Structure formats: C-alpha cells, structure tokens
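Novice: Given next are the chains, with one letter for each unit.
Number of protein chains: 2
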Amino acid sequence: MRYFITFAYNGTDFHGSQTQPNGNTVQAEMEAAFATILRVPVALTFAGRTDAGVHAEKMVAHFDVEKALPANFAGRLNNLLPDSIAVSDICRVINEAHARFDAIERTYRYRITTRKDPFLYINHTRVAKGLDFEAMNQAAKWLIGKQDFASFCRTHTDVKTTICDVREARWVQENETEAYFVISADRFLRNMVRAVVGTLFEVGKGKMTEVEFKAVIEAKDRCRAGHSASAEGLSLVEIIYPKNNYV
Amino acid sequence: MRYFITFAYNGTDFHGSQTQPNGNTVQAEMEAAFATILRVPVALTFAGRTDAGVHAEKMVAHFDVEKALPANFAGRLNNLLPDSIAVSDICRVINEAHARFDAIERTYRYRITTRKDPFLYINHTRVAKGLDFEAMNQAAKWLIGKQDFASFCRTHTDVKTTICDVREARWVQENETEAYFVISADRFLRNMVRAVVGTLFEVGKGKMTEVEFKAVIEAKDRCRAGHSASAEGLSLVEIIYPKNNYV
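Protein chains in written order, with this note's numbering: chain D, 1 to 247; chain F, 248 to 494.
Next up, chain D with everything else stripped away, as it sits in the complex (with noise of 0.2 Å):
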C-alpha cells in the first residue's frame, strides 16, 4: 500500500533534505520515527531535493507499507520528530504514484527583508534598501515560458536536461520592509531558484539591465548568472500532483 505524506519544515537545523553521509537530514529523522512507531524500516522518497539551510512549508514524500497504517500515525509522528518537522496529511495513493515523478508543478518562495530582526532571519534573508522591483519584475518576465535554464543550473549535476517551463515568476512586496520572489514550474533544476533570485539582485541593484537578464537567459552558461542567494530565505511552498493520483 503506498502513502503521501505532506510536511514541512525549518531548514535551519538540517544538511538538507536527504541522507547523506554526514550530517542530519530530514530524511534521516522522518525515517527513524517510522521505524520506532511501525518497528520496520520504510524508505521515503522525496519529491525532490532541498539544500543545507532551505526550508519546505509543504513536501510531499511517498511510501510503501504492507500492513495498514495505526490510529492516529501522523499525530504519533509529531510526538516524535522534532520542533522543527510538522507532518500535516497521510493519504493512500495508487500503487504507482510518485512524489517525485508525477508531481506536475512545484512553488517556491524566497523572502527578503532590509530590517535586522531576530525572529525573520530564520526564513527571510537581509537585503540593503533600495531593490528596484519594478526592474525585477521587468527583468521577471522574461523567466515564463518552456526554455533552457542552463544558465541557472549547478555545474557538473547529471540531468538529462535543462529545460524547465516556468509558468509563474514575480516579486510581491508586503510592506516597507519585507517582500518575497514567487516562482512555480513544472521542474526546477538544483540552485536554480537561488541563482534566479541571486541574479535579479543584480538588476534591482542596477548592476544589470532587464536586456541583459535576458541575454543571460540565452547565454545558457552558468558563469553569466549572479551569484547564488543565500539559502536561508527560500522555502518550497507547493507542490501539485495528478488528481488521479489518489485512490
């Protein structure tokens, strides 16, 4: 019988997402709370990958148990796991869902503030006054559309290709002081919203015109973008999957 579980979490204390040698990961914690409530080992898979330091307020993770799952299993979770991991849903799914596969479009969000403040840096990231959004939403534009982010992409990662539709990019201000780049595609390849973000700093900054975003688009060459913002202002905010998808 095979699950979708949805959960979040604050990147903070996390290496990232998924196992690795070294370091806990939210994997590696969610797993091991399986295996106290349900005394098997069961391995999630991940709808995709998160960073050291980056946060999901929604990630969906599939698997697979024999027996059906104990009363109250999402509650017993969040007795176990740490502060810092919230399950929210366990729902079956047909035998051949995939979090990762099927899922058709991703969100993500990454939020900035010019304030130093002691409760926001944990998921925003301190910028210096004076952004021009409107350039960055020029400049934003010309993200949308099935294209080729190769300009935008990790160097030496092994995908088969870097063409991503993205069907949603803009920057929302929400006061004087915080604001938030909103960015949805069907796939994002890795780094790529944080070297988007890094880049559009360059235009807000006037050190890059939107003409030159765009040429940087089409460079398809990863030392053109800007550097990488930091991760800690990014979180993955939505995932969507096939209706059919749920039995």
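What the hints contain is simulated information worked out from the structure, not anything from laboratory work. Bear in mind that the values here come from a model prediction, so they are computed numbers and not experimental data. Do not take every clue at face value.
[Said to hold, decoys possible] Some chain D residues close to chain F (C-beta under 7 Å, calculated; not the full set):
| # | residue |
| --- | --- |
| 1 | A8 |
| 2 | Y9 |
| 3 | T12 |
| 4 | A86 |
| 5 | F101 |
| 6 | K116 |
| 7 | P118 |
| 8 | S230 |
Where is the CB? At the ideal position from N, CA and C, for every residue including glycine.
Given chain D's structure and the hints, the job is docking chain F onto it.
Specialist: Only chain F this time, still in chain D's reference frame:
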C-alpha cells in the same frame, strides 16, 4: 554621558539575558560588541532580566561613555552582533536616568498555538485544542489592580515587596489556532508571567474555576498556583519611561 539602547533578541540561543558564570547571554554578546568598537569595557544595565529561552521584542539598557559615540554606532553593533540580537535605537538620556528603576510600565506577551509548526515553535508554546478563552479572560480580570502577587513569585528570591500594579491582563484570539496573553504592570516578579499563564491554563482546561483562581491570588502562596508555562512563548514587548528622561 548616559545613553539608553533599545534592542530585540530571540532568546532561543541564550541562557537568559544577563551575565552568568556559565553560558552565553545577551548581555555578554552585547558587551563584547561594545568593547570591540569602543575599545574600552562598557557595562550595560538592563531594564530587567529574562530567563533562558524568553524573548524580547523590546529591551532597554543604559550605559555610560566618556566620549561621544562614533558615527553609525547602532549599525556597527548590528554588524557585529549575531542574527538573534538586533539594536533598533540608541539615544542620550539625562545622567540620572536608570533603565531598571525608571521604567514605569512593562508589557509581556505570551503566544500559544494549537498547531505543530516548524517556524512558530520558536516563539509560540504549543497547547492542546479546546482552551476556554472566555473563562481565562474572566479569571484574568482578577489580576488587574495593585495587589500582592506572592502566589506567582519564584520562591527563594530576595525581593523586598511582591506588590505589583497590573494594568492589563487579557487573552486575544488571533485566528483558529493562535492566541496570546498580554499583561502590563509597573513591575513583574521573577517567573510571574509564566506562573500566571500556567495557572490560567488550568482555568482554560476546566480544572480550576474563576473563583478558585481569585483564591490563588489571595492565598499569597506559590504552592497554590499552577505550573509555570514554558519559556518559548514569552516575550517582553514594551517598556515605558517618563518623557523627561530623554535629553
């Protein structure tokens, strides 16, 4: 020349506000930053102490310097201080002004949530659903006024008086899952807000009546109050001084 410095801190990482033999404190971090910039030791006198894990959205301290402060001193402090401490203001006061003795009103907020949330847990205490806010607010009315709060004072403290003038004490429901208790007084005893909140939780769970809560106050006996609520939900949010303190 005496100054007041206003700052905020996230108490999660600190063993309390003030210097102790073991453990890093907000005071130690700040005095280290002062010494780095001014190249002389400067002692900070805090408006009050906060226990380990308790936050401050607004704390005030006074300090004396012989020479005028360098340009952009607050900004330079913020660059040196960790993300969890943020200086918002530094202003000259009269030489007799005292951050602790002159404060005429202090306000604390105690935040709760019924959700497990990997971001809220930093400054919200998680509670079970179903607290009776109307009953807690009826009971909280008995806190208002100038009276003896010995029932809510940590034992073995050497304060001269346990009389406080409480001016506001009420619960506010923000939405279906979050709420906070706000309490203002001329002064607070050690552990007082957490003991008050812990006892109000008993009322909210139906384990103590409003009349019994009134009797707890009147007993002037710490053994009669409930357990102290945990630290993470508590924040010092305001301190008020007489206007003629400032130059």
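Novice: Evaluate each hint against the coordinates.
Specialist: Each hint, compared with the structure:
no., hint, result
1, A8, "holds, 5 Å"
2, Y9, "holds, 5 Å"
3, T12, "violated, 9 Å"
4, A86, "holds, 4 Å"
5, F101, "violated, 26 Å"
6, K116, "holds, 4 Å"
7, P118, "holds, 4 Å"
8, S230, "violated, 12 Å"
The structure fails to meet hints 3, 5 and 8 from the earlier list, while all remaining hints are met.
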